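S.K.: If you read the protein sequences in the order shown, they are chains A and R. Going by the working numbering, 221 is the number at position 221 of the first sequence; the sequence numbering is gapless. Going by the working numbering, 93 is the number at position 93 of the second sequence; the sequence numbering is gapless.
These aren't lab readings, by the way, just hints derived from the structure by calculation. Because the structure is a prediction, the values reported are computed rather than measured. Positions of the beta carbon are idealized from the N, C-alpha and C atoms, including for glycine. A hint or two may mislead.
In the DSBU-like style, the derived pairs of lysine-lysine whose C-alpha atoms are separated by at most 35 Å in a straight line are [claimed, not checked]:
(1) Lys125/R / Lys127/A
(2) Lys229/R / Lys49/R
(3) Lys18/R / Lys127/A
Far from chain A, by Cβ distances over 12 Å, these chain R residues were calculated [stated by the list, open to error]:
(4) Ala70
(5) Ser73
(6) His83
(7) Ser85
(8) Thr91
(9) Tyr120
(10) Tyr161
(11) Ser220
(12) Pro241
(13) Phe267
(14) Gln281
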Amino acid sequence: MTTVDQPREPALPSERGLSRSYPRPRRAPLNWVRGRGLAAFVFLLPLLFVFGAFSWYPIVRTAIMAFQHTNFVQAPTWAGFQNFAAVWHDPQFPIAVRNTIYFAFLALIFGYPIPLIAAVLMSQVRKRRGLYSVLAYLPVVIPPVVGVLLWKTFYDASSQGVFNTILHWVGLGPYPWLQSQQWAMPSLVLYSTWANAGATIIIYLAALIGVNPELYEAASVDGAGLLRKVWHVTLPQIRGVLLVTMILQIIGTAQVFLEPYLFTDGGPVHATLTVMLLIYDYAFGNSLGGDYGMATALSLMLAGFLAVFSLVYWRLTRSWSTA
Amino acid sequence: MSKPASGTGLISELEWQKPSTRWGMRTLHALLLAGLVVIGLGPLLWLAKAAITPTIDTISNPMAFFPHGAAWSNLSQAWNGVHVSRYFWNTIVIAFGSWAVQIVVATTGGFALSVLRPRYAPIVKGLLLATLFIPAIVLLVPLYVEVVRLPIVHKSLIDSYWAVWLPYGASAFNVILVTRFFDNLPREIFEAAEIDGAGPFQLFWRIVLPMSKPILAVVSIFAVLVSWKDFLWPYLVLPNPNVQPLSVRLPSIESQTSLGVFLAAMFIACLVPIAGFLIFQRSFLRGTGLGGAIKG
Numbered sequence: 001m002t003t004v005d006q007p008r009e010p011a012l013p014s015e016r017g018l019s020r021s022y023p024r025p026r027r028a029p030l031n032w033v034r035g036r037g038l039a040a041f042v043f044l045l046p047l048l049f050v051f052g053a054f055s056w057y058p059i060v061r062t063a064i065m066a067f068q069h070t071n072f073v074q075a076p077t078w079a080g081f082q083n084f085a086a087v088w089h090d091p092q093f094p095i096a097v098r099n100t101i102y103f104a105f106l107a108l109i110f111g112y113p114i115p116l117i118a119a120v121l122m123s124q125v126r127k128r129r130g131l132y133s134v135l136a137y138l139p140v141v142i143p144p145v146v147g148v149l150l151w152k153t154f155y156d157a158s159s160q161g162v163f164n165t166i167l168h169w170v171g172l173g174p175y176p177w178l179q180s181q182q183w184a185m186p187s188l189v190l191y192s193t194w195a196n197a198g199a200t201i202i203i204y205l206a207a208l209i210g211v212n213p214e215l216y217e218a219a220s221v222d223g224a225g226l227l228r229k230v231w232h233v234t235l236p237q238i239r240g241v242l243l244v245t246m247i248l249q250i251i252g253t254a255q256v257f258l259e260p261y262l263f264t265d266g267g268p269v270h271a272t273l274t275v276m277l278l279i280y281d282y283a284f285g286n287s288l289g290g291d292y293g294m295a296t297a298l299s300l301m302l303a304g305f306l307a308v309f310s311l312v313y314w315r316l317t318r319s320w321s322t323a
Numbered sequence: 001m002s003k004p005a006s007g008t009g010l011i012s013e014l015e016w017q018k019p020s021t022r023w024g025m026r027t028l029h030a031l032l033l034a035g036l037v038v039i040g041l042g043p044l045l046w047l048a049k050a051a052i053t054p055t056i057d058t059i060s061n062p063m064a065f066f067p068h069g070a071a072w073s074n075l076s077q078a079w080n081g082v083h084v085s086r087y088f089w090n091t092i093v094i095a096f097g098s099w100a101v102q103i104v105v106a107t108t109g110g111f112a113l114s115v116l117r118p119r120y121a122p123i124v125k126g127l128l129l130a131t132l133f134i135p136a137i138v139l140l141v142p143l144y145v146e147v148v149r150l151p152i153v154h155k156s157l158i159d160s161y162w163a164v165w166l167p168y169g170a171s172a173f174n175v176i177l178v179t180r181f182f183d184n185l186p187r188e189i190f191e192a193a194e195i196d197g198a199g200p201f202q203l204f205w206r207i208v209l210p211m212s213k214p215i216l217a218v219v220s221i222f223a224v225l226v227s228w229k230d231f232l233w234p235y236l237v238l239p240n241p242n243v244q245p246l247s248v249r250l251p252s253i254e255s256q257t258s259l260g261v262f263l264a265a266m267f268i269a270c271l272v273p274i275a276g277f278l279i280f281q282r283s284f285l286r287g288t289g290l291g292g293a294i295k296g
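Required output: the full structure, derived from the provided sequences and hints.
M.R.: Okay, structure coming up:
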């Protein structure tokens with residue numbers, strides 16, 4: 001996968017001081033301009049500007065705005081923990097938290113084992129493996145807006161809906177899909193799994209191909225069958241990737257927005273109201289001007305929770321992980 | 001690739017000789033392929049069919065195959081009638097600008113961090129890595145407030161494409177990918193070029209960039225794809241419909257026109273990413289694998 005390390009010749013002794021040794025540039029302050037110091041700064045400028053203005057500064061700004069009342073008319077005023085308290089006492093807050101956890105949980109149940117099984121099977125394909133990869137990855141390249149709106153058509157609750165028609169062939173349905181409180185969230189997760197599984201499959205496939213074949217040979221010599229080899233060799237060998245994709249998936253699903261926004265707009269009756277949707281509503285839901293303080297407070301709470309969660313996850317799985 | 005592509009060794013050659021294993025796996029693979037065709041390709045084929053089917057047929061019997069002929073007019077109505085042509089062009093402008101900003105930031109930044117290595121490079125690298133651990137949601141609201149009223153210059157970037165192009169440039173993932181690639185370029189060539197009198201700029205333009213085509217391809221493809229796919233950010237900062245990209249317009253188009261025309265518009269919105277994927281599939285799949293490697 002990654003580039004092969006080039007064999008390195010030991011550096012030649014510099015000829016009359018013409019060649020500067022890489023990777024260490026000359027560091028005398030007087031030679032700053034001649035010694036690439038100025039050049040390095042000039043080359044870094046685009047990065048420093050873009051990250052400074054559109055990444056580092058807004059990150060710091062979040063932490064400040066969460067403790068302020070901000071609008072575009074007056075100067076921001078200090079609010080202490082009022083924004084956090086307002087979020088905490090919002091009756092929609094526990095609903096959003098519960099729904100987000102439900103979404104993440106369902107996404108893990110659907111979206112975690114299926115790509116793994118598919119990737120293990122695909123790694124054994126001997127002819128035209130590329131075709132399998134392309135088919136699996138195809139949903140990933142479809143713009144999510146198109147995917148969601150297309151599936152919204154599929155989820156049509158009438159008996160003439162696409163899914164209901166197909167299910168009718170095998171004698172099931174019609175199901176209400178997005179229109180029922182009970183079915184709405186699983187419908188969102190089903191779409192989400194379809195849209196994202198391909199990328200996970202490709203990541204697993206890359207890891208599976210990296211497993212040392214000698215380990216399988218050794219297991220075969222010990223008389224292990226196919227399933228035992230998967231269980232005792234494959235899974236332990238790719239556990240690093242498995243652990244990382246799991247935490248990344250949880251972090252991703254905790255911020256789910258597009259699906260609940262476009263499929264159901266949080267409905268029916270708040271059944272798909274997620275934390276991210278609540279943040280959006282605080283900040284942009286009101287045409288008169290948003291409550292940016294509450295929105296940033298809630299985003300900070302979510303980010304803080306995810307940081308703690310990741311830390312605990314990392315601690316718990318550290319002994320079990322590769323590295 | 002000298003011998004026929006074999007598996008990863010999970011199934012040894014000896015086991016593969018056994019008919020039961022061979023046929024078992026072949027059956028599983030056939031089922032997998034069938035499943036992938038239905039799940040991966042099926043929705044797209046349906047969309048392609050529905051894009052040229054009269055609305056009435058799609059509503060009354062969505063799974064029927066052209067019961068009353070095709071309606072090619074859907075496509076032309078979508079392109080001209082609901083102005084998909086304009087939004088398509090806007091999407092291209094946004095994708096191109098985001099691509100340019102991301103390439104400039106990632107290559108110049110990567111060059112400075114990997115080749116020139118100023119003393120403060122580790123600090124910059126640390127700050128870059130830190131942004132990878134900050135969930136995107138933290139940025140949304142302050143970034144919006146910032147774009148509405150830029151600090152220092154006190155101008156608004158709302159409805160300006162710069163509001164979309166510049167934040168895309170702040171992708172730590174790109175910079176790290178490029179920096180790692182530059183790290184693996186042979187230093188001897190740089191030294192030889194310097195002996196020949198090349199300055200940092202010539203080194204960058206004549207030596208490093210031409211050697212980096214594979215990684216530039218990966219970054220470019222993902223830059224275009226990400227901006228083509230994005231919804232929320234352009235939706236927030238480009239409220240004027242005349243400058244909005246296709247993905248932002250689609251939910252409104254749904255309410256403005258018939259189902260057939262709407263599905264045709266969605267089909268048009270898919271064409272470029274799918275064509276790009278099929279042409280550059282190697283870079284796509286390699287990039288996704290690389291992404292997994294970095295995250296791991």
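S.K.: Against each hint, give a clear statement of whether it holds in the structure.
M.R.: Hint by hint, here is what the structure shows:
1. Among the hinted pairs, Lys125/R with Lys127/A is inconsistent with the structure: their alpha-carbon atoms are about 42 Å apart, more than 35 Å.
2. Restraint check for Lys229/R and Lys49/R: the C-alpha separation of about 22 Å stays at or below 35 Å, so the hint holds.
3. Annotation: proposed proximity of Lys18/R to Lys127/A holds, straight-line Cα distance about 18 Å (limit 35 Å).
4. Interface exclusion of Ala70/R from chain A stands, the closest Cβ pair being 19 Å apart, more than 12 Å.
5. The claim that Ser73/R lies off the interface holds: its Cβ sits roughly 20 Å from the closest Cβ of chain A, which is beyond the 12 Å cut-off.
6. Separation of His83/R from chain A is adequate, the least Cβ-Cβ distance of about 17 Å exceeding the 12 Å criterion.
7. Distance check on Ser85/R: its Cβ is at least 17 Å (rounded) from any Cβ of chain A, clearing the 12 Å threshold; non-interface status holds.
8. Chain A draws Thr91/R into its interface by the beta-carbon criterion, the shortest separation being 9 Å against a cut-off of 12 Å.
9. For Tyr120/R, the condition that its CB be more than 12 Å from all CB atoms of chain A is violated, with the nearest at approximately 9 Å.
10. Every beta carbon of chain A lies more than 12 Å from that of Tyr161/R, the smallest distance being close to 14 Å; the non-interface claim holds.
11. No beta-carbon of chain A comes within 12 Å of the beta-carbon of Ser220/R; the shortest separation is about 15 Å.
12. The claim that Pro241/R is not at the interface with chain A holds, since no C-beta of that chain comes within 12 Å of its own (minimum 15 Å).
13. For Phe267/R, the condition that its CB be more than 12 Å from all CB atoms of chain A is violated, with the nearest at approximately 8 Å.
14. For Gln281/R, the shortest C-beta to C-beta distance to chain A comes to about 6 Å, within the 12 Å cut-off, and the non-interface label is violated.
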